[in-house]
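Please take these sequences and the hints and turn them into a complete structure.
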Amino acid sequence: MSTEQQILPKDAAAAEGKVNVQINGTWYRFPKGTRIADACNSVGVHVPCFCYHPKLSVAGSCRMCLVEQGMPPRLAPGATPTYNDDGYQTIQWMPRAIVACANTVAENMGIRTNGTVCTEARRAVLEFLLTNHPLDCPICDQAGECKLQEYTADYGQLTHRFTESKIKKGKNLSIGPRVNLDQERCVLCRRCVRFMKEIVGEEVLGVVGRGGRNAIACYPGKTLDSNYSMNVVDICPVGAMTSKDFRFKMRVWFLKSTPTIDVNCGTGTNINIWTREQQVYRITPRQNDAVNSCWMPDDHRLNYKYINAPERLLTPLIRTDQQTEQRPAAWEPLLRAVAEQLRRCKSSELAIIASARLTNEELYLTKHLADLLGVKALDIVPRVGENDGMLISADRNPNTTGAKLILGKDGSTLPDIVRGIKIGKIRSLIVLGEDVTAEAGIPAEQLRKLDYLLVMAHSESPTTQEADAVLPGVTFAEKHGTMINVTGRIQRLNQAIDPLGEARADWDILRALLQECGDVPLKAARATSSMEILEEMAEQFEALSGVTWANIGNSGRQILETGVTIPLIEREHAKQP
Amino acid sequence: MTEQPDAIAALAETKPSPGEKYYPPFKVTPELTKKAKAYIAMYPKGREQSAVLPLIHLVQEKHGYICPQSVLWIAEMCQSTPIHVQGIVSFYPGIRTSCPGKWHIRVCHTIACALSGGEELLSYVCEKIGIDPKAMTEEEPMAVSADGLWSIEAVECLAACGFGPNLMVNDALYSQMDQAKVDDLIEEYSKKA
Ligand code: SF4
Ligand code: FES
Ligand code: FES
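These protein sequence lines are chains A and B, in that order. Each residue of the first sequence is one higher than the one before, counting from 1 in our numbering. Each residue of the second sequence is one higher than the one before, counting from 578 in our numbering.
Incorrect hints may appear among the rest.
[Unchecked claim] Subject to a maximum C-alpha distance of 20 Å in a straight line, what follows is the list of computed SDA-like cross-link-like pairs (lysine to any residue):
| # | chain 1 | residue 1 | chain 2 | residue 2 |
| --- | --- | --- | --- | --- |
| 1 | A | Lys222 | B | Ala586 |
| 2 | A | Lys404 | A | Lys197 |
| 3 | A | Lys168 | B | Ala589 |
| 4 | B | Lys711 | B | His681 |
| 5 | A | Lys147 | A | Arg247 |
| 6 | A | Lys171 | B | Glu716 |
| 7 | A | Lys197 | B | Glu625 |
| 8 | A | Lys168 | B | Glu717 |
| 9 | A | Lys367 | A | Ser347 |
| 10 | A | Lys171 | B | Ala586 |
| 11 | A | Lys197 | B | Lys622 |
| 12 | A | Lys10 | A | Pro81 |
| 13 | A | Lys18 | A | Arg29 |
| 14 | A | Lys171 | B | Asp583 |
| 15 | B | Lys639 | B | Asn747 |
| 16 | A | Lys197 | B | Arg624 |
| 17 | A | Lys197 | B | Gly623 |
| 18 | A | Lys244 | B | Asp583 |
| 19 | A | Lys197 | B | Gln626 |
| 20 | A | Lys168 | B | Glu715 |
| 21 | A | Lys18 | A | Asn103 |
| 22 | A | Lys168 | B | Glu590 |
| 23 | A | Lys171 | B | Ala589 |
| 24 | A | Lys197 | B | Glu716 |
| 25 | A | Lys376 | A | Val520 |
Hints listed in this document are in silico derivations from the structure and should not be mistaken for laboratory results. From a predicted model like this one, the values you see are computed outputs, not experimental measurements.
Given below as structure tokens:
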């Protein structure tokens, strides 16, 4: 007891590199250099911010984050500090509020957000912000996720004293191919300006005019056309920047958001997918400092239209005779017929072209299907593009790392399979999740010549058109599963909507097929979810040992060191002190 | 409802003024470039953007105002962007986006001058040079006479408060103005024309 009394809280904190801060009457410890706003938010004391964004430089311009602050009184020369029973000095409160975003915590600092100094400051800031604001929430796309609306409801005065006419500015300005700007709704936080300058490195946005006429603009002839432009829509706290793709499509409060990952490249950008009933409305990035920070490329964000497109395959299809059309079939008899057909194929004449767009669990079942059928000719379709120096990886498949780990394949033997088909050595083909007439380069005529073509796909393609049997799978939005990104991080794919029509999740199709094809002593063949398949895989692959659905979480888990890095994340790390 | 001009396109619109005949149109000459480079060299490497303001003054002094072409040129010279330059141009009331008259008169309307007769002075000068004071608006504070010889603008403190009312003609300050002095001044400058 006595020794504890001798150690003052300040010394105990200093030993850990921390400082003691009192927030609304309670003492906490924070690492030195923590911003007051971050400190408060981390202990559940909400500090409203417009201009502050943890990934951008601090502007300190909106004044929304004002808090009341106090420090111990300054000592007279020669005086020694006195401590109260708890070991703290008394706090002398400052009569004016300070910004919480641009100031950092200090030893024995006091912060109050519930006194009149703070509430009055917030009220006044909001009153000023609203003097020229059009107050058009009923027709504004941001309503429901607008910081100005939220803060006004929480801290505003809800009446208007400003009777002069408002300053008119530009409305509905097309400032880029994917973004529209309403200058009147803008609160001039300059997040968009800083994002384009600091993260993208293209200074296309700026502030023109002054005082009440201040407005965000781009210079005529230079538009906001970066492939990262839509991130300004996300960080704009109000409805000033809106997405051309999403605006007026749906009120946000009707949407459900599901945390999942982007499958357009090997980075595996973390995203939220926003749905209502069975329809996908938009995709937004989700913060993950090891993968994509807070951002995502526009082309990946907008590549969701195929999910609800008319090309989707909604029923299983079968072709009983070469000359006839495909016709709809029921799942169970079709799977039986397919299995029977596959068993009849000579394993040396059968090949499987799988996809690195499949999840680990699906690849695992694929591997077992190949083993069961004795197929040696098995590979994925590689997809390479250019690394954009930001987030888009050169590997345009989301799960090449998984395919390498599970199948031991990276696409290098695909040309052998393609040649085998061309020379007629391979007579039957199973295609899982690919259109092989595209990247794999197998002409439709060659597919037509095959004895048997089985295709699992979510959408109609020249490949499915040639198939003898089509098993309708699903898109990434309709299934659970895991993928491993280029850096070796395993991440979860969460199901946002149910499989459309009669389509089934790909793992479910493969599992059923495996069961039909033979008696496999695998738990996975009887799994009721992809999580169960993962459990079995965790026992079999060293890299996956200890990995469970739960401990992957929504932010993923590093399981391999591939040596590949993500340029934007590297830059972000380099910036950190 | 009237058609609203596109607030973005408006940033690069040229605003014709009768004063243009008294100033050479903006043109990039080796001489201009040389002067600009001298300014830029005054700032450390990597901080070329700091020279935007001196370059704006350089252009405005010679050509009377900052036209859209000069915005692009300044941005290029300073390794900056047109929107950054435009932000500065539109921030300062002293930087003009249309051409003034040959003789640009600035009448102080800040408090000391206003109390000593600045307001009457402004309307008297307007009358003398044939400009309707209503032509000076919040959006376009400078008015130019039809012949392009004169332009007028009400400005903030000219830093000679003790000697109000003050006005400036181009760069020359005239203090303790009254109607008689204005008459003489206008006469003198008309002759210079
Ligand atoms: S447009 Fe949005 S992000 Fe940009 S300054 Fe205005 S409020 Fe901030
Ligand atoms: S968030 Fe602190 S001043 Fe804007
Ligand atoms: S008030 Fe006119 S010069 Fe100062």
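* Asked: Holds or violated: are the alpha carbons of lysine 639 of chain B and asparagine 747 of chain B at most 20 Å from each other?
  -> Given that 20 Å is the threshold and the Cα spacing comes to 12 Å, the pair holds.
* Asked: Does the structure keep lysine 197 of chain A and lysine 622 of chain B at a Cα separation of 20 Å or less?
  -> holds, 19 Å
* Given the hint that lysine 18 of chain A pairs with arginine 29 of chain A, does the C-alpha gap stay at or below 20 Å? -> holds, 6 Å
* Holds or violated: lysine 404 of chain A to lysine 197 of chain A, with C-alpha atoms at most 20 Å apart -> violated, 38 Å
* Asked: Is lysine 168 of chain A within 20 Å of glutamate 715 of chain B, Cα to Cα?
  -> Judged against 20 Å, a Cα distance of about 13 Å means the pair holds.
* Asked: Is it true that the CA of lysine 197 of chain A sits at most 20 Å from the CA of glycine 623 of chain B?
  -> Satisfied, since the Cα-Cα distance of roughly 15 Å is no more than 20 Å.
* CA of lysine 168 of chain A to CA of glutamate 717 of chain B, is that 20 Å or under? -> holds, 15 Å
* Asked: Taking 20 Å as the top limit, are the C-alpha atoms of lysine 197 of chain A and glutamine 626 of chain B close enough?
  -> holds, 14 Å
* Given the hint that lysine 197 of chain A pairs with glutamate 625 of chain B, does the C-alpha gap stay at or below 20 Å? -> Holds - the C-alpha atoms of glutamate 625 of chain B and lysine 197 of chain A are around 16 Å apart, at most 20 Å.
* Can the restraint linking lysine 711 of chain B and histidine 681 of chain B be considered satisfied, given a maximum Cα separation of 20 Å? -> holds, 17 Å
* Asked: Would the pair lysine 171 of chain A and glutamate 716 of chain B pass a check requiring their Cα atoms to be no farther apart than 20 Å?
  -> Holds, at roughly 18 Å.
* To do: Quickly compare the C-alpha distance for lysine 147 of chain A and arginine 247 of chain A to 20 Å and report which way the hint goes.
  => With Cα atoms ~17 Å apart, lysine 147 of chain A and arginine 247 of chain A stay inside 20 Å; holds.
The structure fails to meet hints 2 and 24 from the earlier list, while all remaining hints are met.
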